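First to last, the protein sequences are chains A and B. Here the first sequence is numbered in our numbering, starting from 2 and rising by one per residue. Here the second sequence is numbered in our numbering, starting from 2 and rising by one per residue.
It should be emphasised that the hints constitute simulated quantities derived from the structure, not laboratory data. Among the hints, a few may not be true.
Unchecked claim - Straight-line Cα separation of at most 30 Å, DSSO-like style, residue types lysine-lysine; simulated pairs:
hint, chain 1, residue 1, chain 2, residue 2
1, B, K85, B, K56
2, A, K56, B, K24
3, B, K85, B, K72
4, A, K56, A, K85
5, A, K85, A, K72
6, B, K72, A, K24
7, A, K145, B, K24
8, B, K72, B, K56
9, B, K72, B, K24
10, B, K145, B, K72
11, A, K72, A, K24
12, A, K72, A, K145
13, B, K56, B, K24
14, A, K56, B, K72
15, A, K56, A, K72
16, B, K56, A, K72
17, B, K85, B, K145
18, A, K56, A, K24
19, B, K145, A, K24
20, A, K56, B, K56
21, A, K85, A, K24
Unchecked claim - Residues from chain B that face chain A, not an exhaustive set, calculated with beta carbons under 8 Å:
hint, residue
22, L21
23, T39
24, G41
25, V43
26, V46
27, G81
28, M89
29, R90
30, C93
31, C110
32, I122
33, L131
34, L132
Unchecked claim - Now the in silico label distances, taken between C-beta atoms and shown as ranges:
hint, chain 1, residue 1, chain 2, residue 2, range
35, A, K145, B, S79, 47 to 57 Å
36, B, K145, A, E78, 45 to 55 Å
37, B, K24, A, D125, 19 to 29 Å
38, A, R124, B, A10, 17 to 27 Å
Being a predicted model, the structure only gives us computed values, none of them experimental. A virtual CB, placed ideally from N, CA and C, is assigned to each residue, including glycine.
There are 2 protein chains.
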Amino acid sequence: MSASSPSSAAPDDVEEGLVLRPKFDANGLITCVTTDATSGDVLMVAFMNAEALQKTIDSGDAWYFSRSRAKLWRKGESSGLVQKVLEMRLDCDQDAVWIKVEQGGGAACHTGRRSCFYRRIDRDDTGAPLLTPVDAERLFDPAKVYR
Amino acid sequence: MSASSPSSAAPDDVEEGLVLRPKFDANGLITCVTTDATSGDVLMVAFMNAEALQKTIDSGDAWYFSRSRAKLWRKGESSGLVQKVLEMRLDCDQDAVWIKVEQGGGAACHTGRRSCFYRRIDRDDTGAPLLTPVDAERLFDPAKVYR
Chain A
2 MSASSPSSAA PDDVEEGLVL RPKFDANGLI TCVTTDATSG DVLMVAFMNA EALQKTIDSG
62 DAWYFSRSRA KLWRKGESSG LVQKVLEMRL DCDQDAVWIK VEQGGGAACH TGRRSCFYRR
122 IDRDDTGAPL LTPVDAERLF DPAKVYR
Chain B
2 MSASSPSSAA PDDVEEGLVL RPKFDANGLI TCVTTDATSG DVLMVAFMNA EALQKTIDSG
62 DAWYFSRSRA KLWRKGESSG LVQKVLEMRL DCDQDAVWIK VEQGGGAACH TGRRSCFYRR
122 IDRDDTGAPL LTPVDAERLF DPAKVYR
């Protein structure tokens, strides 16, 4: 089968087309998964509005939209830990992007960890969920970085 | 600094605790990023409600909640392409999980591709966004798998 989009697909077909037509949700957001370009590990999950997506494409730095602060946000603007985007991908229904980044300072999480995913979900002897710290070393002290 | 949670943190502290306290959104969902345990590539982004999360933890197979169909969904129940979960992780604010899976049949996307992220976002000569197919080979024919 063809490795490219079928010739029968319209250029702006959501799944098979080659035109960017992001499907923003009711809040104007798409999901962004950010991975470390070297290790492949998931660093964080965040959201982009149309402006954040455009700025990321144009600048090559990761921009997000903070739901809690309700504002556009250039990753690293407070901490200096900028994310340089090496590759951007779009999913089948165009409501999620995956960016592979070079993480400035090595730490993406506001808690100082490399990744936001520093706890594994395990089960205890009774089968109940239990969290286990993994890769939970802090690479910076949040109190010193975010003043 | 310590690799485990600070002793000063309460066990049920959202960021530093070791108790699972998922923060579901207004629709009762958390985001799930699913990666291939071998390649590390992002296969898909989907959502879990409380029941999907519990069933995933208990069964070791990936369960999701389909927003479009508004129903609980065991990945592979139509296609047979089940996802075996090798590791689950939780993010800092407990509103996203990352699961590393062994993808049955090798393809996670309903279009037949290995990953839902089969298009790269590039820019054309004028700087406008342009999608380029990458890893876009179909491993199965959706018309034959979903009848």
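Structure-based check of each hint:
For the hint linking K85 of chain B to K56 of chain B, the alpha-carbon distance of about 12 Å falls within 30 Å, and the restraint holds. Simply put, K56 of chain A and K24 of chain B have alpha-carbon atoms about 29 Å apart, close enough for the 30 Å limit, and the pair holds. Our distance criterion of 30 Å between C-alpha atoms is met by K85 of chain B and K72 of chain B, whose separation comes to about 20 Å. Among the hinted pairs, K56 of chain A with K85 of chain A is consistent with the structure: their alpha-carbon atoms are about 12 Å apart, no more than 30 Å.
Note on K85 of chain A and K72 of chain A: the hinted pairing holds, with a Cα-Cα distance of about 20 Å set against a maximum of 30 Å. Taking the CA atoms of K72 of chain B and K24 of chain A, the gap is near 21 Å; set against the 30 Å cutoff, the hint holds. Between K145 of chain A and K24 of chain B the CA atoms are separated by roughly 27 Å; this keeps the pair inside 30 Å, and the hint holds. Taken as a hint, the K72 of chain B and K56 of chain B pair is honoured in the structure, with Cα atoms around 14 Å apart against an allowance of 30 Å.
Restraint check for K72 of chain B and K24 of chain B: the C-alpha separation of about 20 Å stays at or below 30 Å, so the hint holds. Using a Cα cut-off of 30 Å, the hinted pair K145 of chain B and K72 of chain B holds, with the two alpha carbons roughly 23 Å apart. Between K72 of chain A and K24 of chain A the CA atoms are separated by roughly 20 Å; this keeps the pair inside 30 Å, and the hint holds. Only pairs whose Cα atoms come within 30 Å are accepted, and K72 of chain A paired with K145 of chain A is accepted, the gap being roughly 23 Å.
The suggested pairing of K56 of chain B with K24 of chain B holds, with an alpha-carbon distance near 17 Å, which does not exceed 30 Å. Note on K56 of chain A and K72 of chain B: the hinted pairing is violated, with a Cα-Cα distance of about 35 Å set against a maximum of 30 Å. Distance check on the hinted pair: K56 of chain A and K72 of chain A sit about 14 Å apart at the alpha-carbon level, within 30 Å; holds. A hinted pair counts as satisfied when its Cα atoms are at most 30 Å apart, and K56 of chain B with K72 of chain A does not qualify at roughly 35 Å.
About 23 Å separates the Cα atoms of K85 of chain B and K145 of chain B, which keeps this hinted pair within 30 Å; it holds. Between K56 of chain A and K24 of chain A the CA atoms are separated by roughly 17 Å; this keeps the pair inside 30 Å, and the hint holds. For the suggested pair K145 of chain B and K24 of chain A, the alpha carbons sit about 27 Å apart, so the restraint of at most 30 Å is met. Restraint check for K56 of chain A and K56 of chain B: not satisfied, since their Cα atoms lie roughly 39 Å apart, outside the 30 Å limit.
Of the supplied pair hints, the one linking K85 of chain A and K24 of chain A holds, its CA atoms being roughly 24 Å apart against a limit of 30 Å. For L21 of chain B, the shortest C-beta to C-beta distance to chain A is roughly 4 Å, which falls under 8 Å, so the interface hint holds. Hint status for T39 of chain B relative to chain A: violated, with the closest Cβ pair at about 11 Å, above 8 Å. This hint holds: G41 of chain B has a C-beta 3 Å from the nearest C-beta of chain A, less than the 8 Å allowed.
Look at V43 of chain B: its Cβ gets to within about 5 Å of chain A, closer than 8 Å, so that hint holds up. Contact between V46 of chain B and chain A, as hinted, is supported at the beta carbon level, the nearest pair being about 4 Å apart and thus within 8 Å. Because the closest C-beta pair between G81 of chain B and chain A is about 19 Å apart, greater than 8 Å, the hint is violated. Hint status for M89 of chain B relative to chain A: holds, with the closest Cβ pair at about 4 Å, below 8 Å.
The closest approach between the C-beta of R90 of chain B and any C-beta of chain A is roughly 4 Å, which is under the 8 Å cut-off, so the hint is satisfied. Interface hint status for C93 of chain B: upheld, as the beta-carbon distance to the closest one in chain A is roughly 5 Å, under 8 Å. At about 6 Å, the closest approach between the beta carbon of C110 of chain B and any beta carbon in chain A falls short of 8 Å, and the interface hint on this residue holds. A least Cβ separation of about 4 Å between I122 of chain B and chain A falls short of the 8 Å threshold, and the interface hint therefore holds.
Interface hint at L131 of chain B: satisfied, since its Cβ lies 7 Å from the closest Cβ of chain A, which is below the 8 Å cut-off. Annotation: interface hint on L132 of chain B holds; nearest CB of chain A at approximately 4 Å, less than 8 Å. At roughly 51 Å, the beta carbons of K145 of chain A and S79 of chain B sit within the given window of 47 to 57 Å. A C-beta distance of roughly 49 Å is found between K145 of chain B and E78 of chain A, which places it inside the suggested range of 45 to 55 Å.
Distance hint for K24 of chain B and D125 of chain A: a CB-CB separation of about 22 Å, consistent with the stated range 19 to 29 Å. Range check, R124 of chain A to A10 of chain B: about 22 Å between beta-carbon atoms, so the 17 to 27 Å window is met.
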